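Protein chains in written order, with this note's numbering: chain X, 3 to 235; chain U, 3 to 235; chain C, 3 to 235; chain D, 3 to 235.
Everything labelled a hint here was simulated from the structure, so no lab data went into it.
Errors might be hidden in some of the hints.
Pairs count within a copy or across copies, as identical chains cannot be separated in the list.
[Unchecked claim] Here are the simulated BS3-like pairs of lysine-lysine, each with C-alpha atoms no more than 25 Å apart in a straight line:
| id | residue 1 | residue 2 |
| --- | --- | --- |
| 1 | Lys67 | Lys226 |
| 2 | Lys49 | Lys65 |
| 3 | Lys133 | Lys158 |
| 4 | Lys16 | Lys226 |
| 5 | Lys16 | Lys47 |
| 6 | Lys158 | Lys127 |
| 7 | Lys47 | Lys127 |
| 8 | Lys49 | Lys16 |
| 9 | Lys127 | Lys49 |
From a predicted model like this one, the values you see are computed outputs, not experimental measurements.
Number of protein chains: 4
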Amino acid sequence: MISNINIPPPNHIKLLDNQQGWIGLVNHMGDESTITNAARVSFGKMKDTFDEKDEHLLSFLIKNKHLTPLEHVTFTFIVHCPLFVRSQWHRHRTWSFNEISRRYTEVDIEIYRPNFYRQQSTDNKQASIDKCVYNEESIKDIANTCMSECLFAYEKLIAAGVCREQARGILPQNLMTTYWASVDLRNLLHFIDLRDDDHAQKEIREYAVAMKELVRPFVPHVIKYLEEHKIEG
Amino acid sequence: MISNINIPPPNHIKLLDNQQGWIGLVNHMGDESTITNAARVSFGKMKDTFDEKDEHLLSFLIKNKHLTPLEHVTFTFIVHCPLFVRSQWHRHRTWSFNEISRRYTEVDIEIYRPNFYRQQSTDNKQASIDKCVYNEESIKDIANTCMSECLFAYEKLIAAGVCREQARGILPQNLMTTYWASVDLRNLLHFIDLRDDDHAQKEIREYAVAMKELVRPFVPHVIKYLEEHKIEG
Amino acid sequence: MISNINIPPPNHIKLLDNQQGWIGLVNHMGDESTITNAARVSFGKMKDTFDEKDEHLLSFLIKNKHLTPLEHVTFTFIVHCPLFVRSQWHRHRTWSFNEISRRYTEVDIEIYRPNFYRQQSTDNKQASIDKCVYNEESIKDIANTCMSECLFAYEKLIAAGVCREQARGILPQNLMTTYWASVDLRNLLHFIDLRDDDHAQKEIREYAVAMKELVRPFVPHVIKYLEEHKIEG
Amino acid sequence: MISNINIPPPNHIKLLDNQQGWIGLVNHMGDESTITNAARVSFGKMKDTFDEKDEHLLSFLIKNKHLTPLEHVTFTFIVHCPLFVRSQWHRHRTWSFNEISRRYTEVDIEIYRPNFYRQQSTDNKQASIDKCVYNEESIKDIANTCMSECLFAYEKLIAAGVCREQARGILPQNLMTTYWASVDLRNLLHFIDLRDDDHAQKEIREYAVAMKELVRPFVPHVIKYLEEHKIEG
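Can you make the complete structure from the sequences, with help from the hints?
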């Protein structure tokens, strides 16, 4: 049966202030005993259980940044997010991506319309403060009207026979996109370290936090370690 | 002296139908004798000249895809292009990028306004044909009006104190951006192979072609080889 | 239960002329419908079956080198091989490795003793011809005696309290080693393309061929494609 | 003129207890103003001088691990070291390497013969203590005799027509090798962080320390920062 990529898979978490975004887990390889066994290769051993000693080994590995054993655990997510989140995500060069192509299809065009506009921070030029702008309703009107007009103009261009690859140029960065994203656990931790952070934009941070929940069943002690320590690696 | 990143460096090429885009070369390491000497490490030799034999060695290396010696030659470009070109470029995970941040600054907002809208191809869903749409002037009006309204709405949001990181969401993918991009010659050839190609979008193809001209003075036989053969690597 | 890493896992293939080497598959993520579904993300579709159309899509992807969808399929192997094979393998920078450390342990020292010494090729400086050297028995005696003396000297150094990290310096490159190796299918195909090839050394080629058999149950049409075409990617 | 790769370039540092090793710098791209300008791309600025403010920006970038601007500075080294050092080095997957091939040539075979054998540490299984083993002269005799015999046996195999690719299997891991190695500054710092460290083997640590001296003229404040802080990134 053929289905639509823009419908979330069973195991997913809804995101963004208005729940337009989501992220789902579709595949994974390995668990915490994979990690400790990969680490034990150094001294020529393997173990078929996971006990308290392994828990300590796991903490030791992360704490001392012996992170290569985490590369044998991999995950595939499906992400539905605005283009500006996607562009931040694609800067992580150790991930594998396959994304919906707006050169190829004009179906399911969906634009993110935030419920809530934050104020510009005055002491940090690249940050916001988690407080509504004063005249929020009129701000939302301005933004939403503008985006509706973009969509309307896009449809006119398409109807006139303009190629999709050029017509998309007038669509806003709030356009929603969908992609598969695979990564190993080492590089996932690096992503979470950078993006589940005060300096990251709120929107991508929500995705980082959600990934912790999605992978927790497979690597519970790793996620617990992250919650108790800031790793940097 | 502090200057503006959005002004092209001395050695650059203007691009796109209306010359809004450009790419410049700002730094490089190595030349063709770097490549042949790196290759000769295999057999324990080095040479301080570059002659016809080296030219043959160079062709041999590329033809047989012994491409690691090309990794010792590196280039840094400054790119000024629309966001949709940037997003295709950032999918190449072997490059190093630093880009202007629209979380940080709202100065020099510039939007790409094509002079020429191509028709959608009917036999290739993701391609265009190099022929104007029928009613081009009215199409340009629709697109340009829409983009001007986006810019106007963006300015209102900024004036109302909305954080830059959210306000940019309503700016179109035709927004121009600027970034530094470093790459080694092996991965540059791979980029050119994929993007200076009929299947690539015309806009990014122009940048691929321009890079061949910018690096030609340093690796003339490599570029000549590319022009005479399709490499695949 | 703690076991020895130098004992092959259930699913393995024995290798090298005297069967001292082996490679086993211990973990994997994804199959061929993972690949076709990752490819279909481009046009916004997903499918829960795999039929003849998908088989064609798969061939199309490999043939046209649209290889990113293959990155969502991953494998973990355990490899037992001589150091000189390991060193060729480690040149592939897209793999994840964890190897037994001879700084850490001196147990299970095992040296590869070929049954068969090939002649130096005279027309290709870096190749051999698959023909015994003339006086093979005496050649084997010379090599085996030398390697036994190395091992004996190593044991004396260890007994005298020399650190393992220095003592190992006198052990030959025929020393057997063991490592975990994870890779995605795209990069596995690249490895097979380079190493299951006339220009590769016979020993590493055996490992490349064995990996085709180990992954065949999960990606049968991909392997069939490889057998019928030389891919280059 | 053709020269021998095993002769150090003009700008080099001799290494290892007996000075058999060396590392030289042969090429580089960029300096510290490259780094600060790459960082300033974020806010749309460029500067043609390097002053105290830039020094602070540089420290800020490293301290806060905003390390991408360091990727626009690249270096090419020539390394002459024992195989066991090479194998540790090749685990760093972000470098570009071209190495002398012992499949291709049997000239200039040179074996590292340490002057000094350290004791095995008793409290750290993978470390040594910087103290001579008791009966050092006899230890050196055992090791050197063994290695001379390996070399002698190797020559017999070659003389008998055995292919180089197999014959090298009996040469010890103390065999000296030579390779070109290119890396960007970000990944060089990562290498130095891991290898100029108490947990690293003394031999590779000497190469890490030497690289700091070789690059210091081009990035003096970066190296000064490393000496005053432990970076982790």
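Item checked: Hints the structure fails to honour -> The structure conflicts with no hint, since it agrees with every one listed earlier.
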